[in-house]
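Colleague: This is what each chain is made of:
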Amino acid sequence: MIAEYILRFVIGGVAVSIFAVLSDIFRPKSFAGLFGAAPSIALATLGLTVWNQGSGYAAIEGRSMIIGALAFGFYSVVTCQLIKRLHIHSLASTILAGIAWFSCAFLVAWLLLS
Amino acid sequence: MLIRVKLSRLGETQWYEYAVRFMLGGVMTILAGLIAKLFGPIAGGLFLAFPAIFPASATLVEKHERRRKEKVGLRGTQRGRDAAALDAAGATVGSFGLAAFGGVIWLVVPTNVPVAFFGATAAWVLVLRQLGGSGACRGGCASFCKKARLDRKPPLSSTGESLLRA
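Sequence lines, in order, name chains A and B. Quick note: the first sequence, position 51, residue 51 per our numbering, numbers continuous. Quick note: the second sequence, position 49, residue 49 per our numbering, numbers continuous.
Derived from the structure by calculation, the hints contain no laboratory data. Where is the CB? At the ideal position from N, CA and C, for every residue including glycine. It is possible that part of the hints are untrue.
Said to hold, decoys possible - Incomplete in silico selection of chain A near chain B, CB under 8 Å:
no., residue
1, MET1
2, ALA3
3, VAL21
4, ASP24
5, ALA59
Stated by the list, open to error - If the Cβ cut is set under 10 Å, some of the chain B residues that face chain A in the computed set are:
no., residue
6, TYR16
7, GLU17
8, MET23
9, ALA32
10, ALA36
11, PHE54
12, LEU74
13, ALA88
14, ALA100
15, GLY103
16, LEU131
Please work from the sequences and hints to get the whole structure.
Modeller: Below you can see the structure in the form of structure tokens.
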């Protein structure tokens, strides 16, 4: 049990770090920003999910991930607008926009998947 | 859009900034697993696309851009915020790639696991190439980019050109 979580931590950390490095080195910034929505957590988690729970379980997670990703798109738009229009600091904007992600993701998941 | 690789930018990131992202990535991967275990795969799947790392990344982008301007004696607050906002604009387009990744996993993983992972990654890269490479991220936020002018060379010709381009 503990070993599984340590493995998750290491794989997740490595995957996120790799995409963070890619995001740092690519220019222009709008292209580098694409790596901000990289499937780093998904790559780390889904492999372990298939191993532990089977492919059917992973498929359901993949379907939900589509909704989560679209909520991420909405979140990014809200973040961009908070920074540009309301001149809010980026950290505060990204945290505030989290409300948009939660509302959008759970509302759409409730409407489509419940 | 001309895509460039600037390895020199790696030197601007401090070791603890990489450590923060590593920690956040690790913690989020554990959380995604825990949420799936406690609330089922529908809720767990949503958190595979949770923007856990994005606040740290956007803050670093803003900090680096501000620091670069301050090194040459200029105030970089606005420039830093513009850079963070442009990063968010790119992530908006990137989210379509993330959705494509999830879609391929959903459809293919029950039949063939290795093909599903390979196909999902390929779909993500393809969407990135099509939308990012064609400049869709710029087109989607055209008015914003006009103001920010971060993807272009600054239209300067005076003696302060090299300073402002730094």
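Colleague: Tell me if PHE54 of chain B is really an interface residue toward chain A, meaning its C-beta lies closer than 10 Å to one of theirs.
Modeller: OK, holds: PHE54 of chain B within 10 Å of chain A, min 5 Å.
Colleague: Should the interface hint for VAL21 of chain A be scored as holding, given a Cβ-Cβ cut-off of 8 Å against chain B?
Modeller: 7 Å, holds
Colleague: Once the shortest beta carbon distance from ALA88 of chain B to chain A is found, is it less than 10 Å?
Modeller: 4 Å, holds
Colleague: The hint names MET23 of chain B as touching chain A; please verify it with the least Cβ-Cβ distance against 10 Å.
Modeller: 7 Å, holds
Colleague: Once the shortest beta carbon distance from ALA36 of chain B to chain A is found, is it less than 10 Å?
Modeller: Result: holds, 7 Å to nearest chain A Cβ.
Colleague: Tell me if ALA3 of chain A is really an interface residue toward chain B, meaning its C-beta lies closer than 8 Å to one of theirs.
Modeller: Nearest chain B Cβ about 12 Å off; hint violated.
Colleague: How about ASP24 of chain A: closest beta carbon in chain B under 8 Å, or not?
Modeller: 5 Å, holds
Colleague: Hint MET1 of chain A vs chain B: min CB-CB distance below 8 Å?
Modeller: 11 Å, violated
Colleague: GLU17 of chain B was flagged as interface toward chain A. Is the shortest Cβ-Cβ separation under 10 Å?
Modeller: Holds. Min distance 9 Å.
Colleague: Less than 8 Å between beta-carbons is the criterion; does ALA59 of chain A satisfy it with respect to chain B?
Modeller: 5 Å, holds
Colleague: Please verify that hint: TYR16 of chain B, Cβ, nearest Cβ of chain A, below 10 Å or not.
Modeller: 13 Å, violated
Colleague: Min Cβ distance, GLY103 of chain B to chain A: is it shorter than 10 Å?
Modeller: 6 Å, holds
Going down the numbered hints, you'll see the structure goes against 1, 2, 6 and 12, while the others check out.
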